[in-house]
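J.: Assemble the complex: chain U is given as a structure, and chain A must be docked to it using the hints.
Going line by line, the protein sequences match chains U and A. My numbering puts the first residue of the first sequence at 1, with every later residue one more than the last. My numbering puts the first residue of the second sequence at 1, with every later residue one more than the last.
Worth flagging that the hints you see were computed from the coordinates, not collected in a lab. Quick caveat, the model's predicted, so the values are computed rather than measured. Among the hints, erroneous ones may be present.
Computed Cβ-Cβ distance ranges for the label pairs, DEER-style [what the hints assert, rightly or not]:
| hint | chain 1 | residue 1 | chain 2 | residue 2 | range |
| --- | --- | --- | --- | --- | --- |
| 1 | A | S142 | U | Q169 | 54 to 64 angstroms |
| 2 | U | A337 | A | A337 | 52 to 62 angstroms |
| 3 | U | P7 | A | K255 | 20 to 30 angstroms |
| 4 | U | P19 | A | K308 | 47 to 57 angstroms |
| 5 | A | G254 | U | T370 | 40 to 50 angstroms |
| 6 | A | S244 | U | T10 | 25 to 35 angstroms |
| 7 | A | T10 | U | P7 | 51 to 61 angstroms |
| 8 | A | E281 | U | H20 | 25 to 35 angstroms |
Examples of chain U residues toward chain A, derived with CB under 7 angstroms [unchecked claim]:
| hint | residue |
| --- | --- |
| 9 | Q67 |
| 10 | G78 |
| 11 | K233 |
| 12 | V237 |
No residue lacks a Cβ here, since even glycine has one placed at the ideal position from N, Cα and C.
2 protein chains.
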Amino acid sequence: MSRVSVPPPTCLQKPLRVPHRYMFGPGPSNVPPRILWAGASPVIGHMHPEIFEIMSDIKSGIQYMFQTHNNVTLAVSGTGHTAMECAIFNAVETGDSVLTAVNGIWGERAAEMAERIGARVNTIVAPPGGYFSNAEIEKALSKYRPVLFFLAHGESSTGVLHPLDGIGQLCHKYNCLFLVDSVASLGGAPLYMDQQGLIDILYTGSQKVLNAPPGTAPISFSERACQKIFNRKTKPVSFFLDLSWLANYWGCDGKPSRLYHHTGPVTAFYSLRESLALLVEESLERSWERHQKVAEYFSAGLESIGLKLFVKEKNVRLPTVTTIVAPHGYDWKEITAYIMKTHNLEISGGLGPSVGLVLRVGLMGYNSSTANVDMVLAAIKDALKHCHKSKV
Amino acid sequence: MSRVSVPPPTCLQKPLRVPHRYMFGPGPSNVPPRILWAGASPVIGHMHPEIFEIMSDIKSGIQYMFQTHNNVTLAVSGTGHTAMECAIFNAVETGDSVLTAVNGIWGERAAEMAERIGARVNTIVAPPGGYFSNAEIEKALSKYRPVLFFLAHGESSTGVLHPLDGIGQLCHKYNCLFLVDSVASLGGAPLYMDQQGLIDILYTGSQKVLNAPPGTAPISFSERACQKIFNRKTKPVSFFLDLSWLANYWGCDGKPSRLYHHTGPVTAFYSLRESLALLVEESLERSWERHQKVAEYFSAGLESIGLKLFVKEKNVRLPTVTTIVAPHGYDWKEITAYIMKTHNLEISGGLGPSVGLVLRVGLMGYNSSTANVDMVLAAIKDALKHCHKSKV
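So here's chain U without its partners, still in its complex pose:
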């Protein structure tokens, strides 16, 4: 009777094997045992009171991490890209004008997402490693009159930490929402959602400074953003990412009962909660300080072995992800492969516009320590000694 024609695959009869590795690329980063183990706690229902309490803890943790009092603060059930789409899908309607700042891959991706839903997209472009002055931003705001302006705070593909002061005020002057991607920087560099730059929508990822596994993405919406979003003329293209539903699921809409929207990734919420608890334990200020100190120690070490930092101005260097000018005469792929093979350690090449230009090292969250810097420096020195160098 059986019509089974696809046999059981033999590969699944072997045990799962996962190596331990130093995750010093731009993410995901290593996950501390407390966070990993939390994720192995028993599954409960996505609508049980205990998960709502955990989600409420997460909301408080994100408000702290983002330095915001925004009520509509939650974690999207997905990675940073999901959060990016959540922001754009909700804030933008077909035909709206959108402006994105492109100084690396993230501005490109935001532009692509907005284009896909029929927005009129314009960009301002800076070369990899560069950033934008407030005057340039104002000029573009005034020219394109966007409803949404996208900027990456931590441009992990180029290593730039973009200044934020005054930009939110400009956006508001031109009646535009200010959307900030802080996936690579949040928790590792000062950011004050409410005070600094009047950011309207801010998101980050779980797998960077927070050191949780990838799969959840904290996001927050200002009153002003909610005003626009909850008064849209059309429904957002995605039911799954519709903020009205998400805000209800996260208890942010003041309604007495929560409706079934989707099944939240409950074990990923456990891990996210613990990652926020660890940040609370250390405190934001100490985390910022530690990342800054370690990044400076790393930069000095790199220069001492003759390498150059890709971002020239010290004050716009991302303290979580350091970009190094790809060493002259070497094939960057050989260097990263050598370090992986010999030192079991991930560092990576460029991404998008920075491919071929840089090596990238991420020391985020609990990976950010001078001991780890010493380990990376030793690995890089070793690679420069053993990898092939052309005679130039």
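T.: Same frame as chain U, but now just chain A:
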């Protein structure tokens, strides 16, 4: 200097507490230790060769579970709703005609998703507990000439297992893709993607029969589906769910290198792999048999205590989620709350069109055993004794 104005929340200074609970609702289900522990393995990179191997194992496992040779077979980084949007976003363009079969909540949601992206949506509707004859389906296909027809194989809101034979042939006759939601049924009831019904797109969730935590969703696309999708006139609205990108990330597009799309939830992939390995260990046929046997044992037990099955015809009862006519004279909410409180056991009420009509009990994957049936029956009997009964 510090401008920190949102203080660290005290709730995060308390330890995480997660109760153990019998998860006998329609999902998520309990997760066996092997799967939970796999998810606590160290995080590796989303582009490391070892994760590609794990993803390849997952692909083989899904091909087995779905009984398909489809090359474009992968797991979406999200829950069942994400997979539903992935299917619709890719298969449908603005202005396309879409037909959904509504005999519970899932057809409603599929219709809403298609509407949001500008499809012309028509529905055929059956009352909760009902299903559709092939003649009814053909009539609608012929009338609306849709590019996509949606049907839920396991209607978990009503407890119906929809017959599939011949429907794919009808869809093909009318040049329409056949999309099947099998979130609640796959692995627990026979389904042969390639042979049975010529299904073009099929997806399921991780947290049902597979007993993995919620957060990943297996999905597969036939050659015919890929033909349409890869020759679209417009890009899908979602970059995150664009099948061209996903197929590349999962190594299904035959291209020599994989590009960075998004950061896959690597630990959720570990768990998904192990859940598929457990299914392979037992074998599909034995899993189907066990679910059927346990469901029949449960039905007999329910009838022996005077309760009625909501789905009258035995052959269309979903073996994974049993719907019971809400006991006359009782408040269903009191029953589920009593059982949760007294027995630490989740069973649930209706969902969408079945709210108030039914109690739902899910015994899925490793939860499907006669011992668990006995436990549920004892809990229900106890509830009927202790909950308030109106004199009717």
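J.: Give a verdict on every hint.
T.: So, going through the hints one by one against the coordinates:
1. A:S142 with U:Q169: 54 to 64 angstroms: holds (60 angstroms)
2. U:A337 with A:A337: 52 to 62 angstroms: Holds, since A337 (chain U) and A337 (chain A) (Cβ atoms, about 58 angstroms apart) stay within the stated range.
3. U:P7 with A:K255: 20 to 30 angstroms: holds (27 angstroms)
4. U:P19 with A:K308: 47 to 57 angstroms: holds (54 angstroms)
5. A:G254 with U:T370: 40 to 50 angstroms: holds (46 angstroms)
6. A:S244 with U:T10: 25 to 35 angstroms: holds (30 angstroms)
7. A:T10 with U:P7: 51 to 61 angstroms: Hint holds: Cβ distance 56 angstroms, inside 51 to 61 angstroms.
8. A:E281 with U:H20: 25 to 35 angstroms: holds (26 angstroms)
9. Q67: Cβ of Q67 (chain U) sits 5 angstroms from chain A, so the hint holds.
10. G78: With a minimum Cβ separation of about 6 angstroms from chain A (threshold 7 angstroms), the hint on G78 (chain U) holds.
11. K233: violated (13 angstroms)
12. V237: holds (5 angstroms)
Consistency note: the structure conflicts with earlier hint 11 alone.
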